[in-house]
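A.B. asks: From first to last, the protein sequence lines stand for chains A and B. Here the first sequence is numbered in my numbering, starting from 1 and rising by one per residue. Here the second sequence is numbered in my numbering, starting from 1 and rising by one per residue.
These are computed hints drawn from the structure, not numbers from a lab. Owing to the predicted nature of the structure, the values given are computational and were not obtained by experimental measurement. You may find that some hints are simply not true.
Any copy, or any two copies together, can satisfy a pair, since identical chains are not distinguished.
Below, computed lysine-lysine pairings styled on BS3-like, alpha-carbon distance capped at 27 Å [what the hints assert, rightly or not]:
#1 K153 x K422
#2 K274 x K301
#3 K11 x K342
#4 K115 x K452
#5 K425 x K153
#6 K115 x K337
#7 K110 x K342
#8 K236 x K408
#9 K153 x K430
#10 K374 x K117
#11 K404 x K56
#12 K425 x K111
#13 K110 x K24
#14 K111 x K337
Number of protein chains: 2
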Amino acid sequence: MRQLDYFFNPKSVAIIGASHKPEKLGYVIFTNFLGNISERKVYPVNPDTTPILGQKVYRSILQIPDDIDLAVIIIPAKVVPKILKDCVTKEVKAVIIVSGGFSETGEEGKKLEIKLKHIIEGSQTRVMGPNCLGVFDPYTKVDSLFLPRDRLKRPRLGNIGYISQSGSVGSTIIDWLAEEHVGISKFISYENGMDVNECDLIEYLADDKRTKVITVFLEGVIDGKRFIKVSKKASKKKPIIILKGGRSITGARAVASHTGALAGSTKIYSAVFKQTGLIETRSWEELFDCAEAFSTQPLPKGDRIVIVTDGGGFGVLATDWCERQGLQLPEPSEELKKKIRKHIPAYGSLHNPIDLTGDVTSERYKIIMEECLKSKEYDGIIAITLFQVPTLNSDIVDVIGDMKKFNKPILCCSAGGDFSQKISKALERKGIPVFETPQRVVKAMAALVEYKRWLSKS
Amino acid sequence: MRQLDYFFNPKSVAIIGASHKPEKLGYVIFTNFLGNISERKVYPVNPDTTPILGQKVYRSILQIPDDIDLAVIIIPAKVVPKILKDCVTKEVKAVIIVSGGFSETGEEGKKLEIKLKHIIEGSQTRVMGPNCLGVFDPYTKVDSLFLPRDRLKRPRLGNIGYISQSGSVGSTIIDWLAEEHVGISKFISYENGMDVNECDLIEYLADDKRTKVITVFLEGVIDGKRFIKVSKKASKKKPIIILKGGRSITGARAVASHTGALAGSTKIYSAVFKQTGLIETRSWEELFDCAEAFSTQPLPKGDRIVIVTDGGGFGVLATDWCERQGLQLPEPSEELKKKIRKHIPAYGSLHNPIDLTGDVTSERYKIIMEECLKSKEYDGIIAITLFQVPTLNSDIVDVIGDMKKFNKPILCCSAGGDFSQKISKALERKGIPVFETPQRVVKAMAALVEYKRWLSKS
């Protein structure tokens, strides 16, 4: 077992600061663990030893008659050093410090955090946080998020690993992913990163079998040299997509009062990401758009993309973004045109985008897409599928889903109301992601191409 | 009555190509008009005079015993010239040609379109299209969209005017707006623009009392000089937000086979938009994000923005985008800090972003936002309201809605699942738009600031 495993699959957990009051964070976290895995023992710790939900409460972690793999600490900052000492004495393997009030608050807090560092020095105890949400693992049901489940849903099982330096960015997106039915392998919010930091976590997820793609929201890096080394190695194993907060000067100042990290120069960061094969995005939407593409699609062999569309204007917008993102849109060869010409009406277009027009049928999508995928002319397809046209039946879902057999990336773009969204969801259940705007679908395809290039170069 | 009024509020309508078969476009369009306004007469025209849905069918428009304000033509391209001649003879005021097969298909089609132009020369008949969707007006219920309502919803009454050169971009967004409960004043898809074009429509909406903000999706401009003149004048009356398709070289080629327009140089277009006070956006999401802001908010006096947030990471991301968009984020003055300090916990932040932290209450939002709005230090607020935090009650909707009394723009940012979306919707019903990402909320605020600057300059 690797040391960080204890954060994600502990046999025994102590909740230090487990509360009797349902509105308290310590109550939410305790109930997250309660009875979700029968083999796991959960011990509430609180100076008030009145039972919580019928469970015996311990005055101190030292009194628990069992080894503890994971302790979650949610108590006022000033008491944390004493409690962390107890954890070290107890030889706890992993500690998540949820409590805030450390380096993010200024000089006093910084001193307190350094004190914590000294406490664990030389011990076997690893610490996540402080000032963090900790871990959510849908496979092992570890869940130290203090946000109640009726307010913040948890995503389903999946293969996207998600590391966030920010709890708010982390948890908000977790809720959004759950709503969008996107699955994850692990979520980690490590915030101040006094011990376990982005380098440890990238390294860990790079070797995690359940994780196919790693997403990172980063505000600053503590050890630049190690970050470069770790990222370079990890990005050869699987794609790593990154969003950097604090890119602007005022943003960097905001980072300082948020996690206490040094945001550093934007240009340096972008250069480092490029050099180490990390895929940089500009918003959290883009971060997870790209993640969905990697999560579900094979890598393209090259950058030759074909756009098929039933809406000319959407085709035009996608074309604009392909050029911006450096994707090639070669015209179909005369041979390919000959094959598809008779299936496209005269008012359509045989160029690239191939315009199937607003009276498209599922059959037309099928023939054109199959011919393009079978040909050696294209490495991937962007299919714009505006489902509102009256001639399109719901068998379009099976038609496009079936294209996966060609083992080339297929990404769809569609938008609209109820009717359209229902078909999009069905398509996503078949493993074809659907994006709302041309900009977003193109960026996701470009990420696949960029990563393939990186792998070929390195 | 201005001439274009007949497109939007006709007393009598002929549907030429009204069909007996429910799957046909001509049937959908006919039923859109049927019985929705009792004072309006609707006449189906078809060589097969079997009644449609009990309505008498006319062999030709010339046989209708009534004046016709609006004719909608949905018949094969080659028959259109003859029918348009009939319309001119009948002195029809406004004609929407839905049929495709004209300049968008190449040389032959171009000739046919020129023929149409000659037919209406010197007459009082104005033509929209060909190859277009035509008009949807939620106030007068004119609806020539051939997309069935169970597939494509229609938006509610509102004050956003929407001109689209593309039917697919137009209709897809119409469906999306309906889903998002965003109201519009008028929607027009004019596509090939052989007669009525973007200039006529911008001019018309600039004087339309129900339209507060104009949105335009444009692929190319036919008369550049007039466009500049019209835009300059119109943008002094109300904000005009624009998305240009075919900005790239390959995109321009795609435009040619879509609407037959010349896409022109990107740089020239962007320069023209700037010079005429048009607000340019990069995606259709941005287009309507900005429109929602103008639709609901007063203009800011200047560019001094304050961000209040309950999530540090979201605050950092918003800060980055403010700098990119040229918005100022001044620190609160010592005087203002003194007023708000005691309401923010020590682990929060009194800089800008003001970090209210994850244990924020509605009361805290109320006090801080009110102090900021009352002060003379800020021209607008970006409120990041991550509703998942356990301490926040649903009265946050009333608290923020109530801030409108200060007459400064307030835009919110929130994301997540069910719970969070429900509160966002409630807030939007109070007239405060909520955006999913920091990038989007900042762009919308920047558009307000940009337009205010344009008004002050010109």
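A.B. asks: At most 27 Å between CA atoms: does that hold for K425 and K153 within a copy, between copies, both, or neither?
C.D. replies: both (18 Å within a copy, 18 Å between copies)
A.B. asks: Between the shortest in-copy and the shortest cross-copy C-alpha distance, which are at most 27 Å for K111 and K337: within, between, both, or neither?
C.D. replies: between (70 Å within a copy, 25 Å between copies)
A.B. asks: Classify it for me, K110 with K24: is the Cα-Cα distance of at most 27 Å met within a copy, between copies, both or neither?
C.D. replies: within (26 Å within a copy, 71 Å between copies)
A.B. asks: For K115 and K452, with the copy left unspecified, which applies at a CA distance of at most 27 Å: within, between, both, or neither?
C.D. replies: Neither: 45 Å inside a chain and 52 Å across chains, both beyond 27 Å.
A.B. asks: As a check of your reading, is K374 near K117 (CA-CA no more than 27 Å) within one copy, between copies, both or neither?
C.D. replies: Neither, since 58 Å and 44 Å both go past 27 Å.
A.B. asks: Could you place K153 and K422 in one of the four classes (within, between, both, neither) given a Cα distance threshold of 27 Å?
C.D. replies: both (21 Å within a copy, 14 Å between copies)
A.B. asks: State whether the alpha carbon distance between K153 and K430 is at most 27 Å within one copy, between copies, both, or neither.
C.D. replies: Both. Shortest intra-copy (23 Å) and inter-copy (26 Å) distances satisfy the 27 Å Cα cut-off.
A.B. asks: Between copies, within a copy, both or neither: which fits K11 and K342 at Cα up to 27 Å?
C.D. replies: Result: close neither inside a copy nor across copies, 64 Å intra and 43 Å inter.
A.B. asks: Please work out whether the CA atoms of K404 and K56 approach to 27 Å or closer within one copy, between two copies, in both situations, or in neither?
C.D. replies: neither (53 Å within a copy, 51 Å between copies)
A.B. asks: When Cα atoms must be at most 27 Å apart, do K236 and K408 count as within-copy, between-copy, both, or neither?
C.D. replies: within (20 Å within a copy, 50 Å between copies)
A.B. asks: With 27 Å as the alpha-carbon cut-off, assign the pair K115 and K337 to within, between, both or neither.
C.D. replies: neither (71 Å within a copy, 31 Å between copies)
A.B. asks: State whether the alpha carbon distance between K274 and K301 is at most 27 Å within one copy, between copies, both, or neither.
C.D. replies: For K274 and K301, the Cα distance is within 27 Å only inside one copy (20 Å; across copies 41 Å).
Comparing the model with each numbered hint stated earlier shows that hints 3, 4, 6, 10, 11, 12 do not hold.
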